[in-house]
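Asks: Take a look at the letters that make up each chain.
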Amino acid sequence: MLVAWRYRERRSLVQWFDPRAWFIFYASFLASTLLFWDMRFLAFFALIALLVLLTSGVSWREMRRPLLFIFAFITFFAFLTFLTGRGGIEVYRQEHLIRKVVFPFSLFGWQPTIQITWERTFFALSQFLRVFSLACMTIVIPYTINPAHYGITFRGLGLPDKIAYAIDLTMRFIPTFGRDFQLTLDAQRARGYELEKIRGGLIAQVRKMAPLIVPVTIHAILASEDIIDAMDLRAFGVGPRVWLETLQYRLRDKLLIGFSALLFLVCLTLSFLSFGKFWVPPIF
Amino acid sequence: MAQPLVWVNDLTFRYRERPEPALREISFEAQAGELLLIAGASGCGKTTLIRCLNGLIPRSYKGELQGEILLDGKSIANLPLARISQMVGTVLQDPERQILGTRVRNEVAFGLENLALPREEIIQRIDEALTYLGIHHLRDRETFNLSGGEKQKVALAGVLAMRPKILLLDEPLASLDPASAQETLRIVRQMVDEGLCVLMVEHRVEDVLKIHPDRVLLMEGGQIRYLGDVEGLYQVVNYREIKLPASEVLKRARHDPAPPLLQVLPSVQADTKTSEQAPLVRFEQVCFGYETKPNVLQDVNFEIRRGDVIAVLGANGAGKTTLVKHAIGLLKPTSGRVLINGVDTRHLSVAEIARTLGYVFQSPSHMLFAPTVYDELAFGPRNLEHPKDQIEKEVMEALEIVNLSGREKDPPLSLSFGQQKRVSIAAVLAMRSRILIMDEPTAGQDYQNYMDFMDAIIQLPNIEAILFITHDIDLAIIYANRVALMSEGRLVADGKPQDVLKDLERLRDWRLVPTSLLQLNLEMLPTSGKFLRAEALAHLPSLKS
Chain B
0 MLVAWRYRER
10 RSLVQWFDPR
20 AWFIFYASFL
30 ASTLLFWDMR
40 FLAFFALIAL
50 LVLLTSGVSW
60 REMRRPLLFI
70 FAFITFFAFL
80 TFLTGRGGIE
90 VYRQEHLIRK
100 VVFPFSLFGW
110 QPTIQITWER
120 TFFALSQFLR
130 VFSLACMTIV
140 IPYTINPAHY
150 GITFRGLGLP
160 DKIAYAIDLT
170 MRFIPTFGRD
180 FQLTLDAQRA
190 RGYELEKIRG
200 GLIAQVRKMA
210 PLIVPVTIHA
220 ILASEDIIDA
230 MDLRAFGVGP
240 RVWLETLQYR
250 LRDKLLIGFS
260 ALLFLVCLTL
270 SFLSFGKFWV
280 PPIF
Chain C
0 MAQPLVWVND
10 LTFRYRERPE
20 PALREISFEA
30 QAGELLLIAG
40 ASGCGKTTLI
50 RCLNGLIPRS
60 YKGELQGEIL
70 LDGKSIANLP
80 LARISQMVGT
90 VLQDPERQIL
100 GTRVRNEVAF
110 GLENLALPRE
120 EIIQRIDEAL
130 TYLGIHHLRD
140 RETFNLSGGE
150 KQKVALAGVL
160 AMRPKILLLD
170 EPLASLDPAS
180 AQETLRIVRQ
190 MVDEGLCVLM
200 VEHRVEDVLK
210 IHPDRVLLME
220 GGQIRYLGDV
230 EGLYQVVNYR
240 EIKLPASEVL
250 KRARHDPAPP
260 LLQVLPSVQA
270 DTKTSEQAPL
280 VRFEQVCFGY
290 ETKPNVLQDV
300 NFEIRRGDVI
310 AVLGANGAGK
320 TTLVKHAIGL
330 LKPTSGRVLI
340 NGVDTRHLSV
350 AEIARTLGYV
360 FQSPSHMLFA
370 PTVYDELAFG
380 PRNLEHPKDQ
390 IEKEVMEALE
400 IVNLSGREKD
410 PPLSLSFGQQ
420 KRVSIAAVLA
430 MRSRILIMDE
440 PTAGQDYQNY
450 MDFMDAIIQL
460 PNIEAILFIT
470 HDIDLAIIYA
480 NRVALMSEGR
490 LVADGKPQDV
500 LKDLERLRDW
510 RLVPTSLLQL
520 NLEMLPTSGK
530 FLRAEALAHL
540 PSLKS
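Respectively, the protein sequence lines represent chains B and C.
Everything in the first sequence is counted per numbering that gives the first Met the number 0, starting at 0 for the first residue and increasing by one.
Everything in the second sequence is counted per numbering that gives the first Met the number 0, starting at 0 for the first residue and increasing by one.
Next comes chain B alone, as it looks inside the complex (with noise of 0.2 Å):
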């Protein structure tokens, strides 16, 4: 199966705490980390970021292949940062070269250089401990929060009703349109359709891909009249709705919270004092 919920009831320290007070403290951790690019502070983020991957329950079977791909992408673009020094540019403008590597060979007369730096190697080295961090705190999210429980937790963060149950609605609808993807796939495949076959510009790969999209983009449409045939006969939106579902904070969430203003204040702080900005360690 293509998507499918992996959530489960497991000792885990996410499921310790009420959906609300852990989305409030994930929304600090996510603003905090992106102040920052001092590798300092950024591990410090991340050792928290791979506390709660490690205490989070979920085995290392179960999301062995996502936390494999995500790695994989983000060990690739900060290697392309780390050749290339892309986007360092913003955040340092001096660079002190370790060594330069000159390829024996050119093409069409040009021939490939790396300059490695200290600054570069360090720049890819804060990209890759921030991307890391936000990763690893968002894997654990759909296999640690009940699917049943997005709608009431967003609604008791303040979000209107109607935007609240659209948030439960997606979390519904999401292994369907997986599942209608897959059968596309397959209805394609057996016409001789090869996705593994597509070349071409980014423009062309994705005219390629009509036989996809076309069919799944008019499947969620038709779909999605009849969902909301549903909602209209079963009186959705008429006034405020009650929650099934109700969540209740203790003593833990409360403190969760204040940990997370907390930490969110003193980052904003210090990020105003200009602490936490690039750093290259000084060797040189």
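Source of the hints: derived by calculation from the structure; they are not laboratory data.
What you were told as hints is all true, and nothing was included just to trick you.
Straight-line Cα separation of at most 30 Å, DSBU-like style, residue types lysine-lysine; simulated pairs:
1) B/K196 to C/K408
2) C/K61 to B/K161
3) C/K324 to C/K292
All of these numbers come straight from a predicted model, not from anything done at the bench.
Got chain B sorted already, so can you dock chain C onto it with the hints?
Replies: Coordinates of chain C only, in the frame set by chain B:
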């Protein structure tokens, strides 16, 4: 007589974007404790009528509405949907799209939450509705992973929890296997006996007749063609347009000319050496499973030979689709092997297998994408890298076979459902596959349409074997020369229809429900020698005399 629960007077409706009315001058009434069956061909206005009764018309679907509808004595013209939804409950055709909650209890609670009832009452009503339908054990299950029959009951529970007096069911049997359909019908009868007024739209008229509807409303072209008891329906309706009990067809077909004989797989009939040739597809000890569900297929040995028309029967989840996906190479066995023309599917890509074996999926909307019918049909041959001039010939021939010549420039998505289904078959025929495999070929079509469609498929030139998955035993009786029966991942029977389907008790064990046509055929087998459609049985020489 008590005041009717449903009272419709002179109802006419035209959708805003269409020139012609979808309903014309409809008048009828229905009482508490009455089951009214609403029948008619696709596009006759059944669904529009349901939408008028539940208030979606004119609130969600705009147009010109004339006439009057009273529910429980009140005109619904000025009532809000929230109020109507407490009088009328509607179960839509596809429960998958009607179920909005991730868990069963959340789904059943949805309407009650919207009405802002107190939480304690919501919980009490959830338990009540689930217990009534005998599915309380599903209360905390995820809705996505339920079976088709369970989803249907959960959708029904969500509606019943709102305690309506009137229930509208729009083709509730469409996606169910025979045993689940029978269970749904039993529940409907029980609800009617307890005083609910049920209006049920259904193509499977013969099945609904088993629970004795009080009256039948037959629609045609947006109008009422017949309204009255079941006996009267037999007098007005043609047995070719609506599926009637086999005994009824037998009685009436005697007076009509005999049905024409079908030329089954004409390309094979011309060839006499059929049985000596190697099988086209061969399953050897095939097992398949997922991490979470290890025994989806168990030790399946199976062959498709030239000249076979195989019906694969079995309950939902028996492994029918998994079996077929192995033949086309979309799935590979965990042990054992599948051979196509003697080559293991592990060494073939799906595209290579598609040259031999064409697979038509259940719903055409899962595959149609191209701007024109021509491009849609050329898609497969282009993928298989056929030469350009050959592709044109293949497309034109395929269009001719499915009777859609001249429509090559039309956008496939603008065609009717039946035409889309034919385009999806033509798209496979254009690839020049020799074996045609179809998943529920009759789904979503009305009786006359799907019988015509199957008559045409069975006589296709250039096809050497056909295999179709179906829930409809009658389809197997009429069209197949071989029946393969799956149960819990095993192939439990494989042989001639008259051999596989003769033991009714065993069929029930495999969650199949014997039909009136099957029973009639078993009675007449000594004379007929093989299974036939009811119209053909009526013309057996012994009966004629």
